[in-house]
Amino acid sequence: MSAPIRPAPATPRPSPPSPTDLGPVATARLGSVGPPTGLSAYDQTRSTPNFLRRSNVVLLTLVAAFAVISAVASLIMQSASTATADNTAPALVGIQNLFASVAEANTAATAAFLSARVDGGGTGLAPETGASPDSDPGAGTDSDPGAGTEDRVSRNLYEDAIQRAAVQAEEVSATIGPDTTAHRALGQIAVDLNRYAGRIEAARVQNLNDLPGADLELRTALQIVSDDIGASVATVTERGRAQLEDERSTGRLLTWAAVALGAVTLVALLWVQAGLLRRTNRILNPLLVVATALIATVVGYLVVGPTARAQILDQASEGGYEAIATTSGIQTTVFDLQSRLSLEILDGQGDDLSAHYVTVDDQIDALLAGADSDRERAAAETVAIRWARFEAVARQIEAAVDGGDREVAVALFQGEGASTFNGLNTSIESALSDNRDQFLTGVGQASMAVGTTPYLTIALPVLAALAILWAIQRRLGEYR
Amino acid sequence: MDTPLSRRSFLVALGAAGLTACVDTRIERAIDLGGSTRVRVFNWPEYIDADDAGDPHHPGGTLARLAAETGVSVEYDIGYSDNIDGFQRVLDEAVGHDPRWDIVVPTNWRAAQMIANGWAEPIPIEVIPNHANIDPAFLTNAWDRGCRFQVPWQAGITGIAYDPVVIDDLLGRPITSVNQLFDPALAGRVGFIGEMREAVGLAMLAAGDDPSRPTVAAADAALDRIVSAAERGQVGAFTFEDFAPRLASGELAAAMAWSGDASLLRRESLLRNDRPDIEFVVPDEGAIQWFDTMVIPAGAANVAAAGAFIDFVYDPANAAAITRWVGYISPVVGVQEALRATGDPDDAALANDTILFPDAPTRARLFTWGGLDQADEDRLDAEYAALLGDG
Numbered sequence: 001m002s003a004p005i006r007p008a009p010a011t012p013r014p015s016p017p018s019p020t021d022l023g024p025v026a027t028a029r030l031g032s033v034g035p036p037t038g039l040s041a042y043d044q045t046r047s048t049p050n051f052l053r054r055s056n057v058v059l060l061t062l063v064a065a066f067a068v069i070s071a072v073a074s075l076i077m078q079s080a081s082t083a084t085a086d087n088t089a090p091a092l093v094g095i096q097n098l099f100a101s102v103a104e105a106n107t108a109a110t111a112a113f114l115s116a117r118v119d120g121g122g123t124g125l126a127p128e129t130g131a132s133p134d135s136d137p138g139a140g141t142d143s144d145p146g147a148g149t150e151d152r153v154s155r156n157l158y159e160d161a162i163q164r165a166a167v168q169a170e171e172v173s174a175t176i177g178p179d180t181t182a183h184r185a186l187g188q189i190a191v192d193l194n195r196y197a198g199r200i201e202a203a204r205v206q207n208l209n210d211l212p213g214a215d216l217e218l219r220t221a222l223q224i225v226s227d228d229i230g231a232s233v234a235t236v237t238e239r240g241r242a243q244l245e246d247e248r249s250t251g252r253l254l255t256w257a258a259v260a261l262g263a264v265t266l267v268a269l270l271w272v273q274a275g276l277l278r279r280t281n282r283i284l285n286p287l288l289v290v291a292t293a294l295i296a297t298v299v300g301y302l303v304v305g306p307t308a309r310a311q312i313l314d315q316a317s318e319g320g321y322e323a324i325a326t327t328s329g330i331q332t333t334v335f336d337l338q339s340r341l342s343l344e345i346l347d348g349q350g351d352d353l354s355a356h357y358v359t360v361d362d363q364i365d366a367l368l369a370g371a372d373s374d375r376e377r378a379a380a381e382t383v384a385i386r387w388a389r390f391e392a393v394a395r396q397i398e399a400a401v402d403g404g405d406r407e408v409a410v411a412l413f414q415g416e417g418a419s420t421f422n423g424l425n426t427s428i429e430s431a432l433s434d435n436r437d438q439f440l441t442g443v444g445q446a447s448m449a450v451g452t453t454p455y456l457t458i459a460l461p462v463l464a465a466l467a468i469l470w471a472i473q474r475r476l477g478e479y480r
Numbered sequence: 481m482d483t484p485l486s487r488r489s490f491l492v493a494l495g496a497a498g499l500t501a502c503v504d505t506r507i508e509r510a511i512d513l514g515g516s517t518r519v520r521v522f523n524w525p526e527y528i529d530a531d532d533a534g535d536p537h538h539p540g541g542t543l544a545r546l547a548a549e550t551g552v553s554v555e556y557d558i559g560y561s562d563n564i565d566g567f568q569r570v571l572d573e574a575v576g577h578d579p580r581w582d583i584v585v586p587t588n589w590r591a592a593q594m595i596a597n598g599w600a601e602p603i604p605i606e607v608i609p610n611h612a613n614i615d616p617a618f619l620t621n622a623w624d625r626g627c628r629f630q631v632p633w634q635a636g637i638t639g640i641a642y643d644p645v646v647i648d649d650l651l652g653r654p655i656t657s658v659n660q661l662f663d664p665a666l667a668g669r670v671g672f673i674g675e676m677r678e679a680v681g682l683a684m685l686a687a688g689d690d691p692s693r694p695t696v697a698a699a700d701a702a703l704d705r706i707v708s709a710a711e712r713g714q715v716g717a718f719t720f721e722d723f724a725p726r727l728a729s730g731e732l733a734a735a736m737a738w739s740g741d742a743s744l745l746r747r748e749s750l751l752r753n754d755r756p757d758i759e760f761v762v763p764d765e766g767a768i769q770w771f772d773t774m775v776i777p778a779g780a781a782n783v784a785a786a787g788a789f790i791d792f793v794y795d796p797a798n799a800a801a802i803t804r805w806v807g808y809i810s811p812v813v814g815v816q817e818a819l820r821a822t823g824d825p826d827d828a829a830l831a832n833d834t835i836l837f838p839d840a841p842t843r844a845r846l847f848t849w850g851g852l853d854q855a856d857e858d859r860l861d862a863e864y865a866a867l868l869g870d871g
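Protein chains in written order, with the working numbering: chain U, 1 to 480; chain C, 481 to 871.
It should be emphasised that the hints constitute simulated quantities derived from the structure, not laboratory data. Ideal placement from N, C-alpha and C gives every residue a C-beta, glycine not left out. The reader is advised that the hints may include incorrect statements.
[What the hints assert, rightly or not] With the C-beta cut set under 7 Å, the calculated list includes, among others, these residues of chain C facing chain U:
1) Ile-605
2) Glu-606
3) Ala-612
4) Pro-616
5) Leu-619
6) Thr-620
7) Ala-622
8) Arg-625
9) Gly-626
Use the sequences and the hints to build the structure in full.
So this is what it looks like as structure tokens:
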């Protein structure tokens with residue numbers, strides 16, 4: 001470090017220093033000489049060494065407070081970002097996937113139920129060939145009197161989907177974080193999935209044995225999904241979104257407090273620098289300049305990092321999560337439409353489903369409008385095409401029910417209806433996956449934007465404190 | 481498209497292309513390939529339309545039209561011989577930093593392995609508007625829901641092909657069951673398919689087990705039954721597509737067979753003799769359904785051009801041209817309608833073929849191998865391969 005620049009000796013360096021210029025320490029050292037008479041205590045406290053000591057204390061206190069508050073703020077923010085990336089975002093996506101699985105399970109179970117009701121004709125494995133009980137749930141065993149009469153593919157799809165839903169419920173539960181309401185809802189989903197599966201099995205057995213009450217069991221199962229599981233999914237989604245909002249704002253206030261304290265620290269540093277200039281006529285103290293730069297860097301980082309994080313999160317929410325919400329809205333409406341079609345067939349009575357068609361049209365318009373990448377747009381267009389196919393079959397089913405042709409309605413439901421529904425459902429899932437990827441990537445980037453902040457907010461103020469300490473001690477040393 | 485597109489205007493646009501909402505299978509959209517104009521495909525032999533000399537690049541053929549319409553030229557390699565040696569070439573030459581091909585076409589279970597190991601690129605759906613034409617039956621596989629990493633090429637059935645005259649002499653009745661292949665009256669004149677999952681799957685069906693939900697015990701029992709049949713001389717040969725000449729020569733009377741080859745043979749013999757030399761049946765217990773599927777190996781150089789290739793063959797009219805030639809089940813929605821729409825009586829006959837377009841009762845008897853743990857599959861593969869060596 002170079003020595004302070006000394007201009008023309010307007011104020012010659014005191015040699016020997018007068019007691020006025022020396023603080024209490026210097027005064028004590030010169031005690032044998034004795035304090036000069038006529039110097040007031042006030043004058044003594046205004047001496048340069050005293051000024052330096054006071055500055056030292058004030059600056060170090062400010063820097064320490066700044067370091068602590070900014071570190072705490074950035075740690076809180078980083079922890080919130082990590083929670084969003086690792087917990088909230090995956091949970092929000094997971095709950096939509098869970099609902100997709102339940103929707104698929106329900107459609108497949110209903111298709112299998114209706115196939116067994118109408119055709120009764122050998123679509124499973126032949127009972128007389130001695131199928132093993134664990135080989136195919138629809139295969140013939142003594143305990144399964146209706147074996148061979150239901151659509152095996154639909155039944156397999158149901159089993160896969162319900163199993164997947166149970167696993168997804170556990171995954172969401174493991175990631176959602178410590179929200180008791182969400183966990184209660186997820187616990188309820190687990191219970192309802194069991195209730196639902198029980199009803200489906202009861203409906204299946206009664207149906208295969210042509211017992212009364214099968215329709216009622218299926219109807220109850222449908223209701224469990226649309227009312228109970230649907231409500232719990234809505235609760236978890238709501239809690240997840242609230243959590244996301246919390247995490248977005250977490251640490252913001254404390255960060256601004258740290259920024260304010262950083263500003264005060266910078267002012268104090270400038271004030272000390274100015275004081276030194278006034279007292280010693282030295283233009284700059286390089287170590288104090290370094291300390292100022294370090295504190296300014298931290299303040300800048302505290303402003304830029306969280307702002308970038310907020311912007312990226314906003315973008316991720318708008319581009320990713322809003323699309324997820326729109327897509328899952330389509331899924332919910334389509335699923336409700338499918339359930340109502342099932343009930344129409346069971347009741348043999350038409351219902352007015354036109355509102356559903358309009359709603360899905362509008363939701364798909366929103367999805368297409370919100371698509372902001374080629375891939376998202378392609379996924380949305382696929383959803384639109386597959387919806388058009390499903391809608392056409394759904395309207396045919398309605399027409400068949402209205403015309404009293406139940407057999408045609410059932411054939412359409414379990415054939416083209418189930419096929420086009422699966423096509424639509426998987427295209428929605430694909431769109432969800434793309435949105436999820438976009439959302440999770442955004443959340444990950446937001447997390448990275450504040451990833452190094454805690455380290456910087458600790459390391460740089462410590463360096464600044466050392467620089468201050470060194471700078472002032474050096475100056476004080478000149479008076480010893 | 482830079483401006484937002486509403487669903488209605490989107491469907492109107494489809495309608496303008498001569499489509500309606502319910503048959504919107506031909507999808508037009510300008511796509512940007514980013515200068516990618518070459519694609520290298522590694523496929524099975526005789527799996528795309530070719531001329532009499534076997535040239536798939538013949539004028540007017542699918543590959544020539546692809547080049548003319550999209551500007552994408554295809555380097556087409558027919559070296560994928562089977563899922564053992566052929567797949568080994570995929571492992572050696574397409575899995576790694578510089579894949580030799582942009583599209584490889586393994587069978588579904590091999591594709592599942594590629595995807596699970598991270599050896600597949602995501603399908604670039606942004607350049608494949610016809611992705612919406614994938615038959616939904618292929619979208620619900622647990623290992624790749626929605627076909628995000630593979631797109632089916634052709635599907636087939638492994639059932640039973642037989643010479644009706646010879647079988648009538650030997651059995652006195654047509655073949656309707658897998659169990660008839662184990663009948664001592666056919667000793668030494670039965671062909672078993674060389675693919676473990678298909679042979680074991682059919683034997684499982686014969687025992688009343690479900691190969692779409694296989695258990696180790698059921699698969700072992702089925703394999704034991706095949707081994708014991710081979711040991712007592714019941715099996716005349718383990719075959720792939722070579723079942724056809726062996727049936728034609730009378731060496732075999734019946735064989736586990738692939739539907740496409742059987743279907744083509746049947747049509748050829750109908751043209752020649754006015755009666756089929758062979759019959760192909762989906763046995764009462766069921767048959768094995770499989771599909772070969774397009775996978776873009778991770779790190780492939782021409783992903784966008786690969787997307788253009790996939791999009792082209794998923795146009796129903798183009799897919800129909802392939803179906804007409806290969807005789808396998810098309811995974812493309814709208815092919816049956818496209819064949820009917822040509823007005824050609826041969827195409828109409830194809831459109832009504834229940835092996836090419838299985839009806840609901842036939843579909844209900846088709847089972848796709850469900851898969852076991854990798855270690856069990858490897859063990860069964862090894863045991864079956866040893867049997868093939870002996871056979």
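Hints and how they fare:
no. : hint    : in the structure
1   : Ile-605 : holds (5 Å)
2   : Glu-606 : holds (4 Å)
3   : Ala-612 : holds (4 Å)
4   : Pro-616 : holds (3 Å)
5   : Leu-619 : holds (4 Å)
6   : Thr-620 : holds (6 Å)
7   : Ala-622 : holds (6 Å)
8   : Arg-625 : holds (6 Å)
9   : Gly-626 : holds (4 Å)
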